[in-house]
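Asker: What follows is the residue order along each chain.
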Amino acid sequence: MNALLAQFLAEAADLLTQIDEGLLELERTPGDPELINDVFRAAHTLKGSSGLFDFPELTRLTHAAEDLLDAVRAGELPLDSGMTDDVLAAFDLIRGWLAHVTGSESLPPSAAADAAVLITRLRTPIGGEAAPEPTTVEPGRVPAWLAYVDEEWLAATAAWLRTTSSQMRFVRYVPDSGCFFRGEDPLHLIRQVPALAHLDVIEPIEWPADHDEYACLIGFVFAARAGAGEIGYLFRYVGDQIEVADLDGDAIQRYLSGETGEALKVAAPASGDDPDLVTEARAVLAAALHALTTNPTGSAHLISVANAITNAAHVLGDPVEIREPDVVTLTATVTRLLGDTPPPEEPEGPGSVDDGGQVGSRILKVDQAKVDHLMELAGELNVAKNSLPFLARAAEEEFGSRDLAQRIRDQHAGLHRIAEDLRAAVMDIRMLPLSVAFARLPRMIRDLGRRLGKDVELVVTGDDTMADKDVIEALADPLMHLVRNSLDHGVEPPGERRAAGKPATARITLDAIADGDAVLVDFADDGRGVDPARVRRTAYDKGLIGAVESRSLSDADALDLIFRPGFSTAEEISDLSGRGVGMDAVRAGVEKLGGTVTLRSEPGGGTSIRLRLPLSMAVTQVMVVSVGGQRFGIPVDLVAESVRVPAGEIGRVLHQDVVVLRGEVIPVVDLARVLEMPCRPDAAADRAIVIAGVAGQRVGLLVEQFHREVDVLLKPMEGLLAYADEFSGTALLGDGLVLLVLNLKEVLGLAARVG
Amino acid sequence: MTTVLLIDDSTTMLMSLKPILTKAGYAVETANHGKDALDKLGKGIKPDLIITDVNMPQMDGITFVREARKDPGLRFTPMLMLTTESDQAKRAEAKTAGVTGWLVKPVAPDQLLGVIKQVLPGA
Amino acid sequence: MPLELGDTSATLTGVVTVDEVEPFAAWLRGTAKPRVNLRKCNHLHTGAFQAMMRFRPKISAAPADSFLAGLVLPLLEGSSGAPIRQESDPS
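These protein sequence lines are chains E, L and F, in that order. Yeah, the first sequence ends on 755 if you go by full-length UniProt numbering, and it's all consecutive. Yeah, the second sequence ends on 123 if you go by full-length UniProt numbering, and it's all consecutive. Yeah, the third sequence ends on 91 if you go by full-length UniProt numbering, and it's all consecutive.
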């Protein structure tokens, strides 16, 4: 399943729960504005996200519910229990649909019919459209009524639509038989359709002998290039009598060559046991029954209903013949068919969870704090486990039992493996594939490309590389900037590319690969590249560099200028890349994650940008120490050991405190002094020293006290502290305390200056 | 000449709509409520189009349409209802009674003439 | 007068409204080989169109109105209208 869809399903499940709970709570405390607001917001979010996918019924139904909730929120009407029922029913229906989506990535065939009923009910209290919105056939699906359209004309139109890669809007309009008595003249209405291209008539198969001239027995199918809004407006009084389908040349061609058409037409004959087909056939019958009860007149209408019933009956292995369709016979037939055929058994096994089932069943959404807590516990387990070697040594040295010592070491080895696996597993919970960060790019490239008249092909590799959730989320913005920049400035228009001997279609490659504890994302285009000379000139013109610098800068350094705030290579700022928000935003975003951005470019040959990001910004193991009563973290991988030495053993060599450890002289830095913390050590007490290896050198850090080692989620420094180089980041400890993690390299540099 | 019958209990409404129609070349007859309109129709007015308000004393718009449809001469006459946003819910009922369509108050001149053109062939 | 009914041919003029539907349909029903002149017809009410679809008269003169000529006339002269094709065309 597409990662974006998976995420939507997980999110939708949450929102649905919120809506349910909110509505039920509202029944207990009616009118609570907070609650109404919460429910409305959840519905609003669901509608918004659903728009990313091709589920028009889902969006329309959610929209209707949202409108009702909005009216309630605005105090225009109180939420009564009938409305609550309708809203709950709407979201129950949606929950069922999403279960279907989880299994098949599409809405069930009955969605449109089911949604229409609820939409009408939801809109009634707010007086919405009394005439229901016209039914829109789902994209790509060719409605059966296309059979009424002249084939020769269809073939010619299909060819033309394919040449121009455009679409034609087909509308079926079946007026009810009494329409003349409301002053309606369907043909007059059709006459007013803008850009009308073709008209066909749906006649009754047989004209009744005692035909009343005033009963409208015909329907129409027409094709037009009119906008959906124009059609909607024109037919607003009779919206329930039209069905709209937008078809492109390919869809029509497939229809003409018999490849598609209603799914039921090509269904295997008399199967009766394929659960999907049976479900679909039952849905058709249910829709037919609904149609018969709501609109019992209009013989053209009856004929199409009869056709649908015949097809469905065929699929159910119970063929029926309907000679002269009338409401009574049809209703009887449908009722019999529905009664005779039990709904198919819920298919079991993974991959086919359906109606009423769980949504996004294999995804569990967990509060991030819980995962963080789990991670903390895994860290503590590590620390606890680390005491075992000491115990083993004690067993051997103090109690003289080598056997026991060995058994403790064996236990330690086993525990160590489990603790490491646990830590990896917890980290893994936070890992997402990079495809999540890449998901929006293809669409964006397509849209921007069309707007700019540039043809761009995107090639993605390695999008299954995993990285921490925070990294993935934070990567989205920089990537979008890169795409904008590339399309805006890098990729040339097709003409220019051809002139340069390149293929007219530009290529953007996006390549992700794991590299140790980092992930590399290479973004490259084969556009015009960045010209270092022009960058120098622009940077000079904008006052970013001086004249001397502009001459002395190497090409590579010149290219790096484009990451400076306020730099933009395009002479004119376009509406895409925005104003001065460009590569500097990319670099800032990536560096905030603890990553780096580098750019290589060949004039005329393209630009490639490498983002290097920590695979997980999440976990750093730090040793907690206190200095001057405050706790700090030191990255554990730099810590060699921690020792306690009597105060008298601290010596002084050339203005530098030192300690001699196993014959090695190690300089000692007083962290309290460097960090300007108040500290009056007890002269007699032992000194606590952390021995760390920094840049190949061993150095002792004098601290007040050691604490445990912990795994922390290291966050970059923000706000005022962003300029405090001696810290590499902050971390939230289990007890809510914010821990500053030391950047030892900077600390030692500072120490050297403080002296 | 195409004749339009305007029914509204609000004189202001009648005064605002009538000149628009007259200026566009329609003959305009007016009535103050449903009963008044039925009386005038009984006296021989032959409108090509009827535009009626919904809430009126004596006889409301929907009842008027239902009654008027019984007259063989008015079976097929387009009848538009003037509604406000809040009585949109009545539209379903109005359609059953025989209303062709509706106009939402306040009605802009373009909108009024556009809808008349839409429902009245040859207007 | 939008509707002129002769022995075998009818002429429709201007806007044919719902009021003309009943007499027109009755004429079509009762006429053996009806012919309809649409030249000056500007609009056909759906009821009148429906009656023509049912009784399939020969169209003796095409309408000048572009909507009727371009989109409606082909339907009136459509494939299932066998009677039209069988009749010899005097013009």
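Because the hints were derived from the structure by calculation, they are not lab data. Worth double-checking, as some hints may not be accurate.
Said to hold, decoys possible - Residues of chain F placed beyond 10 angstroms of chain L at every Cβ, according to the derived structure:
| id | residue |
| --- | --- |
| 1 | D19 |
| 2 | K40 |
| 3 | K58 |
Claimed, not checked - Only pairs whose alpha carbons sit at most 27 angstroms apart, straight line, appear in this in silico DSS-like list of lysine-lysine:
| id | chain 1 | residue 1 | chain 2 | residue 2 |
| --- | --- | --- | --- | --- |
| 4 | F | K40 | L | K117 |
| 5 | L | K43 | L | K70 |
| 6 | F | K58 | L | K46 |
All C-beta atoms in this analysis are idealised placements derived from N, C-alpha and C, irrespective of residue type, glycine included.
Asker: Which earlier hints turn out false for this structure, listed by number in ascending order?
Answerer: 1, 6
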